[in-house]
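A.B. asks: Sequence:
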Amino acid sequence: MEFRKVLALRGPNMWTNYPVLEIWVHLNEWKDTPSTDVPGFADRLMAWLPTMIEHRCGIGERGGFFQRLRTGTYLAHILEHVSIELQILAGYPVDFGRAREWLGDGYYKVAIEFIEEDVCRAAIETARELIMAALHDKPFDVQAEVRKLRELGQRVQLGPSTRSIVNAAQARGIPIRRLNTGSLVQLGHGTKQRRICAAQTDRTGAVAEEIAQDKDLTRSLLRSAGVPVPEGRPVESADDAWEAAEEISGPVVVKPQYGSQGRGVATNLTTREQVVAAFDAASRESSYIMVERFAPGSDYRVLVIGGKVIAASRREPAHVIGDGKHSITELVELINTDPRRGDDHSTSLSKIVLDQIALGVLAEQNYTPGSVPALGVKVLCRRNANLSTGGSAEDVTDLVHPEVASRCIDAARVVGLDICGVDVVAVDISRPLEEQGGVIVEVNASPGLRMHLEPSSGKPRAVGEAIIDSMFAPGDNARIPLVAVTGTNGKTTTVRFIAHMLGLNGRTVGMTCTDGIYVGRRRIDTGDCAGPQSAANVLMNPNVEAAVLETARGGILRAGLGFDRCDVAVVTNIADGDHLGVSGIETPEQIAMVKRTIVDVVHKQGYAVLKADDPLCAQMVEYGDGMKIFFCRDPEHEVIQNFRKQGGRCVIVRENAIVAAEGDREEVILSLDRVPLTLGGRVGFQVENALATVGAAWGLGLSRETIRLGLETFSGDMGQVPGRFNLLEINGAKVIVDYGHNPSALQAMIESIKLFPAARRLAVYSAAGDRRDIDMIRQGEMLAAEFDHVVLYEDHYLRGRQQGEIIKLFRKGMEATKRNVEVTEIQGAVKAVETALDMLRPGDLLLCQADVIDETVNFLKQYLSARQTGLEPRVVEPLATPLPETVVYATESID
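Residue numbers (numbering that gives the first Met the number 0): 0 to 894.
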């Protein structure tokens, strides 16, 4: 069983809206082996993983998967279920999986849901080892492997504090993105985003955090605000520490002046030996040590969020209770078997460690690790009650006296913390501090939340929700308007057109497309940026107020979507599809399934905008929770008519005008004579791009005035939409620069250039090497049928082809037409364009395919500049119809 490739589809994908690992599996010699063909195999699996009886599988009832094992099922299906079960046993309750044959001959694609990617990756490897052990009747320690998965999860997952905030955000529909392997998380998109790092927010001031770190400064500031604090001072040596203790004249605490999580803290010290030892221990944590009066009573942690007390816990130091049988070491080992206790902060409790500090505390009580305490005797392993050193906590939120709460709020306010853990020492938290000698001993930035989330006893508190409520206004889901656009052709023009309309209202629009990433009018990245990482980059940009994202097939297949949901999804077309034969996608129907992913994630109040006269697009009306808008040039199309009878929205053309229809009602938006991109309505594919754009704008709730203004002002010049039906005149010849490189795009282009009479028609053309032979041959046939001279070239995108192979396939198609066509073969896109330009005569028309848009456009600018005769290239005016400076048509991106 070989894993040929493992893809992490972290966003919604063609399998599901959950993150999944997609494993490309080759079964080698086991390709024809069902579970029943190996004696004892099924029995071993069921014995090793008896909890898989809960897997209902396709049978739909408990024990369904076991039934499949007994009657015979294939190994890829078994890999799916074992991988899921191992994650469940490790503490990650996933339940989605699929296994599908792919390409035949033992190849499968297996999709496994994950919560923690690294754990899932380890689980699929463990699952493979387990299955192979069962096949070969070899031993396998399931429990040991599950422990490894749990330990891995504890290392890589968000800690409980951060996780509680993230869970609260997700419950409110706020999108989240983990920004590093630690606890830094973005909540929300664009200008609405906020960030957290554990229990710190982006509003937690650096000055406040610095103050909280300095225990002596904190104490001084609190005293000045009338908050009760213990007497004390910084010390420079062990002798100075003892002098400070004598000045205080009573039990003292020795602790680092700058510290956290209770490290180096020793309490209730009365002798010189204790103070000196504590000073030495604290010195290992910090160079700055302080001594302060020990306050009797219990150790409380009060959590203040946004100026309110949200939770409080009484903390108990790490300890064991004797049973008269076991040593202290053994008692600690028994306590540490509690699954709530872990080696770090990822679990609700931490393990007790018998380190040097613990040994010192034991010695003060006349114990050693080997001592056997009597039944019921409590033995401390720490003086401080921090959970990070093995302590426990009891919820006492409902007992906090209002005056105590007020002092804690004062403490947080004085230091300047929006989220603050206030350490209180008092005999009784239900009485004012002043009347019992209680004090506030520390104020903590980024306080741990696990004692409030999973107290050892008492009621858990919704502290994550409280933090989210303090960061976001009620009902705010921290999302910006988001439009996703996909399809075979027309994506980039539609993306740019929608972004143009959104920008008319003064919004800063983030846009991704084949040409790069744009924020407002600034291009911040170049190249093909139609994938999920580019989408994520836009949504992370704090300047972006709305996003329009080109969403290409390749990115969806490779990593899923770069967002979890959208307001509007536009599918421009599917037609005959493109990129067939790549990544196991063999048919237009499969392409449609991939591109439908953006329809699946439209929220209930949003809209999917679909091409009515494209059957594969029209079928998408059945998918997703969002509402639908159809667009079509033909107002009488059956899909349009039926949808309108249901009261649905449609964008159509009637009497050469764009019309918004809803049920029986129709409203003229704008005459196509006033939409420059469409050449007065003559360029059909540009009309469709305009209709799709109007549909998206309607779904977003833009005003009619804004939509009309956008239609009138999107001129599609070379600077705005380069390489898409850019129409120029050079030395009396018409030159169209376009990026189209698939049969449907070429067919649309051929239909459009018939608007331009020409003495000769020339073309510069190529295709990416990952297209099917049949598609290249077909394009060769189309070129030979419509052009008099074709310059074929190869350059950047051989993609596995041998040099010259692409040109040969085009030649094969051209020869099949038996039409006399001149052909020139060139290596290099720019050289091919230059060669064709040198061939031009007045009255000719040249279709110039842009292989790499920036490269081709920049060359043309240089070419024009070098050959100027004192006049700028003038705008073409075919059929006496005024044109914008440039006309643009978007085709499939190289994704």
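Hints listed in this document are in silico derivations from the structure and should not be mistaken for laboratory results. None of these values were measured; they are calculated from a predicted model. All C-beta atoms in this analysis are idealised placements derived from N, C-alpha and C, irrespective of residue type, glycine included. Careful: at least some of the hints might be erroneous.
Claimed, not checked - Here are the computed lysine-lysine pairs in the BS3-like style, where the Cα-Cα straight-line distance is at most 30 Å:
{"#": "1", "residue 1": "Lys-830", "residue 2": "Lys-807"}
{"#": "2", "residue 1": "Lys-350", "residue 2": "Lys-191"}
{"#": "3", "residue 1": "Lys-350", "residue 2": "Lys-458"}
{"#": "4", "residue 1": "Lys-603", "residue 2": "Lys-644"}
{"#": "5", "residue 1": "Lys-753", "residue 2": "Lys-644"}
Unchecked claim - Simulated restraints, written as ranges between beta carbons of each label pair:
{"#": "6", "residue 1": "Glu-28", "residue 2": "Gly-59", "range": "26 to 34 Å"}
{"#": "7", "residue 1": "Glu-621", "residue 2": "Gly-683", "range": "49 to 57 Å"}
{"#": "8", "residue 1": "Ile-523", "residue 2": "Arg-840", "range": "35 to 43 Å"}
{"#": "9", "residue 1": "Met-626", "residue 2": "Pro-338", "range": "27 to 35 Å"}
{"#": "10", "residue 1": "Leu-797", "residue 2": "Arg-177", "range": "35 to 43 Å"}
{"#": "11", "residue 1": "Asn-27", "residue 2": "Pro-338", "range": "55 to 63 Å"}
{"#": "12", "residue 1": "Met-626", "residue 2": "Leu-102", "range": "35 to 43 Å"}
{"#": "13", "residue 1": "Glu-28", "residue 2": "Gln-640", "range": "35 to 43 Å"}
A.B. asks: Each hint should be assessed against the structure and marked as holding or not.
C.D. replies: Hint check:
1. Lys-830 to Lys-807: Distance ~19 Å between Lys-830 and Lys-807 Cα, so the pair holds.
2. Lys-350 to Lys-191: violated, 39 Å
3. Lys-350 to Lys-458: Holds, at about 22 Å.
4. Lys-603 to Lys-644: holds, 21 Å
5. Lys-753 to Lys-644: This hinted pair is violated, its Cα atoms lying about 37 Å apart.
6. Glu-28 to Gly-59: 26 to 34 Å: Since the Cβ atoms of Glu-28 and Gly-59 sit about 33 Å apart, the hinted range of 26 to 34 Å holds.
7. Glu-621 to Gly-683: 49 to 57 Å: Once the Cβ atoms are compared, 27 Å apart, the range 49 to 57 Å for Gly-683 and Glu-621 is violated.
8. Ile-523 to Arg-840: 35 to 43 Å: holds, 42 Å
9. Met-626 to Pro-338: 27 to 35 Å: violated, 46 Å
10. Leu-797 to Arg-177: 35 to 43 Å: holds, 37 Å
11. Asn-27 to Pro-338: 55 to 63 Å: violated, 39 Å
12. Met-626 to Leu-102: 35 to 43 Å: Holds - the Cβ-Cβ distance for Met-626 and Leu-102, about 38 Å, lies within 35 to 43 Å.
13. Glu-28 to Gln-640: 35 to 43 Å: violated, 57 Å
Of the numbered hints listed earlier, those contradicted by the structure are 2, 5, 7, 9, 11 and 13.
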